[in-house]
Amino acid sequence: MKLQSIDFRSSHFWLDTLSKIWAWLFLLGMVTFFSVVGEGFLTPFNLQAILANMAILMIIAIGQTYVIISGGIDLSVGWVMGMAAVIAATVMNRLPESSPLWLVVISGLFAGLLAAWVAGLVNGILIARLNVPPFIATLGMFGIARGIGFLLSGGMPVPIYVRGLGFLGNGFLLYHHPTAGWSFLSPPPGLAQAELRNLTGYFPFVVLVMLALLLIAHLILSRTKFGLHVYAIGGNKEAAMRAGIPVARRLVAIYMLSATFAAIAGIVYNVRFTNGAANAGEAMLLDTVAAVVIGGASLFGGAGTVIGTLIGALIISVLANGLVILRVNPFWQFIAVGIVIIIAVLIDQAREKFAQE
Amino acid sequence: MRAEPVLRAVNLTKRFGGLVAVNNVSLDIYPGEVVALAGDNGAGKSTLIKMISGVYRPDVGHIYLEGKEITMASPLEARSLGIETIYQDLALCENLDATVNIFLGREPTKRFFGLFKQVDRNLMLAESNKVLERLDIHIPNLRRPIRQMSGGQRQAVAIARAVYWNARLVIMDEPTAALGVPEQRKVHELIHTLKRQNVPVIIISHNLQDIFAVADRIVVMRRGHKVGDVPASEVTDDDLVAMMVGST
Numbered sequence: 004m005k006l007q008s009i010d011f012r013s014s015h016f017w018l019d020t021l022s023k024i025w026a027w028l029f030l031l032g033m034v035t036f037f038s039v040v041g042e043g044f045l046t047p048f049n050l051q052a053i054l055a056n057m058a059i060l061m062i063i064a065i066g067q068t069y070v071i072i073s074g075g076i077d078l079s080v081g082w083v084m085g086m087a088a089v090i091a092a093t094v095m096n097r098l099p100e101s102s103p104l105w106l107v108v109i110s111g112l113f114a115g116l117l118a119a120w121v122a123g124l125v126n127g128i129l130i131a132r133l134n135v136p137p138f139i140a141t142l143g144m145f146g147i148a149r150g151i152g153f154l155l156s157g158g159m160p161v162p163i164y165v166r167g168l169g170f171l172g173n174g175f176l177l178y179h180h181p182t183a184g185w186s187f188l189s190p191p192p193g194l195a196q197a198e199l200r201n202l203t204g205y206f207p208f209v210v211l212v213m214l215a216l217l218l219i220a221h222l223i224l225s226r227t228k229f230g231l232h233v234y235a236i237g238g239n240k241e242a243a244m245r246a247g248i249p250v251a252r253r254l255v256a257i258y259m260l261s262a263t264f265a266a267i268a269g270i271v272y273n274v275r276f277t278n279g280a281a282n283a284g285e286a287m288l289l290d291t292v293a294a295v296v297i298g299g300a301s302l303f304g305g306a307g308t309v310i311g312t313l314i315g316a317l318i319i320s321v322l323a324n325g326l327v328i329l330r331v332n333p334f335w336q337f338i339a340v341g342i343v344i345i346i347a348v349l350i351d352q353a354r355e356k357f358a359q360e
Numbered sequence: 006m007r008a009e010p011v012l013r014a015v016n017l018t019k020r021f022g023g024l025v026a027v028n029n030v031s032l033d034i035y036p037g038e039v040v041a042l043a044g045d046n047g048a049g050k051s052t053l054i055k056m057i058s059g060v061y062r063p064d065v066g067h068i069y070l071e072g073k074e075i076t077m078a079s080p081l082e083a084r085s086l087g088i089e090t091i092y093q094d095l096a097l098c099e100n101l102d103a104t105v106n107i108f109l110g111r112e113p114t115k116r117f118f119g120l121f122k123q124v125d126r127n128l129m130l131a132e133s134n135k136v137l138e139r140l141d142i143h144i145p146n147l148r149r150p151i152r153q154m155s156g157g158q159r160q161a162v163a164i165a166r167a168v169y170w171n172a173r174l175v176i177m178d179e180p181t182a183a184l185g186v187p188e189q190r191k192v193h194e195l196i197h198t199l200k201r202q203n204v205p206v207i208i209i210s211h212n213l214q215d216i217f218a219v220a221d222r223i224v225v226m227r228r229g230h231k232v233g234d235v236p237a238s239e240v241t242d243d244d245l246v247a248m249m250v251g252s253t
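Residue numbers (this note's numbering), protein chains in the order written: chain A, 4 to 360; chain B, 6 to 253.
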């Protein structure tokens with residue numbers, strides 16, 4: 004028996020391909036443009052600054068990617084990040100001054116994670132067990148985490164008095180100086196204060212952390228059963244349930260994962276800016292959703308990738324950086340990102356329409 | 006003598022409050038047999054099927070699968086026993102491809118560089134090809150999302166999923182309701198293929214054409230009772246309608 008199929012090879016094939024690679028092309032075009040026009044754009048210093056500046060956004064957006072593929076949305080990520088940052092900062096300050104740096108960071112991370120897990124667990128249970136729509140459940144958590152963050156910090160940023168923390172957040176794996184040569188983890192010893200200006204760092208720590216998280220999250224999503232179930236739940240929750248996938252348990256895990264990435268982003272904020280602020284992640288919500296959507300995810304669920312989100316975050320970050328280098332009023336960045344989001348959704352819809360026909 | 010029945014349902018009764026949805030119905034299904042369940046809306050077809058597929062527990066009566074009595078707490082348990090139900094909406098994830106859908110919830114895994122267990126997509130593809138070949142179904146490019154497939158292809162994937170997991174009994178709920186005429190014919194062919202593989206099929210249908218095209222035997226329900234159990238070759242459309250509405 005022969006089941007005939009419709010030949011999609013013509014217009015649909017090209018639209019499908021375009022929808023998959025347009026973000027890459029857009030990013031490439033933008034980088035080329037800024038490299039040619041913007042002085043100082045294409046330098047190791049600036050390119051690494053772009054990556055370091057997007058680390059917090061990218062880390063949260065990883066969690067948001069999982070949530071959106073599963074057919075939900077997590078509105079609470081920005082304030083959960085802020086709450087975790089405040090709690091971590093407070094814990095770091097309470098430790099004895101003689102504590103080694105790694106212990107300080109781990110303690111802060113753990114405290115921040117604990118708070119975030121409670122938030123993620125509540126989100127997950129509300130959504131998976133009590134059938135509260137994700138938009139509402141996480142909107143509630145948005146307010147709760149915001150209030151807790153401000154209450155604990157008294158509405159002010161909490162400065163962290165830990166020696167060496169800022170170095171960790173802004174340091175590099177490798178340093179190079181034209182005369183003193185290369186060194187590992189810290190600048191070559193014996194350099195005069197004035198000479199530090201000629202120092203170049205390579206591989207910022209926060210970028211390495213971001214890349215490691217990205218790789219792990221990508222492998223989980225694209226290769227494991229859990230990852231496949233995230234797509235299945237986003238595609239057809241009822242079918243996933245009938246197929247025996249523990250949908251409720253998976254959803255709780257997905258929202259806890261999102262909170263986990265938010266908390267890690269909070270700690271990255273701590274070490275980068277040596278303080279914790281309740282509103283540290285205020286701008287993150289829409290930027291993460293933008294990165295995920297530009298990266299090819301569907302807000303209806305069932306589609307998206309971590310790598311796509313990386314491209315989305317890169318587009319946002321390169322745009323912000325390039326406009327500053329061109330001395331364009333930075334407020335134009337909002338307009339540019341807005342336009343890119345609309346293009347992304349239009350391309351996605353056009354592809355869907357062709358696929359249905 | 007006929008072979009041992011694959012499924013025996015004995016004196017099944019199900020009440021909802023004061024309503025007796027299924028009243029003392031017995032049903033035997035033999036290997037390789039296609040049994041159509043006919044009846045008007047509210048006759049109790051769905052309730053009967055839901056007891057056999059583990060959705061409802063019968064208030065009275067027993068179900069035997071290959072001679073052994075079974076009780077099922079959930080449809081999942083029924084599936085693990087080999088009773089596969091294909092619902093009208095097929096329960097496929099349209100964003101995923103045919104191979105993933107066939108294995109959904111029971112994905113095979115292998116080690117990824119010894120680090121973690123990853124879904125074995127190559128094995129899924131190879132096994133999917135095997136089961137589709139067994140059913141004589143040809144779908145070009147199994148890695149396309151289901152969304153891009155025709156109604157008949159989707160139905161075929163749903164049937165392949167049931168068969169792959171060694172279904173001992175396949176229940177199909179209105180399999181042709183949403184299909185055009187050529188696709189309906191393909192579903193009929195698929196049911197005949199299942200029959201050749203000795204897998205019995207219970208089909209619920211409103212469509213008399215469907216019933217006469219595939220069924221060996223027709224069981225007619227009316228108001229919760231079984232009012233007819235006849236070989237398909239011995240009745241006409243009119244007989245069937247008469248039994249369904251009870252106007253003989």
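Just so you know, the hints here were simulated from the structure itself, not pulled from any lab data. Heads up, a few of these hints could be off.
Stated by the list, open to error - 20 Å max Cα-Cα, derived EDC-like pairs, lysine to aspartate or glutamate:
1. A/LYS356 / B/ASP221
2. A/LYS23 / A/GLU241
3. B/LYS200 / B/GLU9
4. A/LYS228 / B/ASP243
5. B/LYS73 / B/GLU99
6. A/LYS240 / B/GLU99
7. A/LYS228 / B/ASP242
8. B/LYS135 / B/ASP94
9. A/LYS228 / B/GLU99
10. A/LYS23 / A/GLU42
11. B/LYS122 / B/GLU138
12. A/LYS23 / A/GLU285
13. B/LYS200 / B/ASP64
14. A/LYS23 / B/ASP234
15. B/LYS200 / B/GLU99
16. B/LYS73 / B/ASP125
17. A/LYS240 / B/ASP94
Here is how each hint holds up against the structure:
no., hint, in the structure
1, A/LYS356 / B/ASP221, "42 Å, violated"
2, A/LYS23 / A/GLU241, "28 Å, violated"
3, B/LYS200 / B/GLU9, "16 Å, holds"
4, A/LYS228 / B/ASP243, "52 Å, violated"
5, B/LYS73 / B/GLU99, "37 Å, violated"
6, A/LYS240 / B/GLU99, "11 Å, holds"
7, A/LYS228 / B/ASP242, "49 Å, violated"
8, B/LYS135 / B/ASP94, "25 Å, violated"
9, A/LYS228 / B/GLU99, "18 Å, holds"
10, A/LYS23 / A/GLU42, "31 Å, violated"
11, B/LYS122 / B/GLU138, "29 Å, violated"
12, A/LYS23 / A/GLU285, "30 Å, violated"
13, B/LYS200 / B/ASP64, "31 Å, violated"
14, A/LYS23 / B/ASP234, "56 Å, violated"
15, B/LYS200 / B/GLU99, "28 Å, violated"
16, B/LYS73 / B/ASP125, "35 Å, violated"
17, A/LYS240 / B/ASP94, "13 Å, holds"
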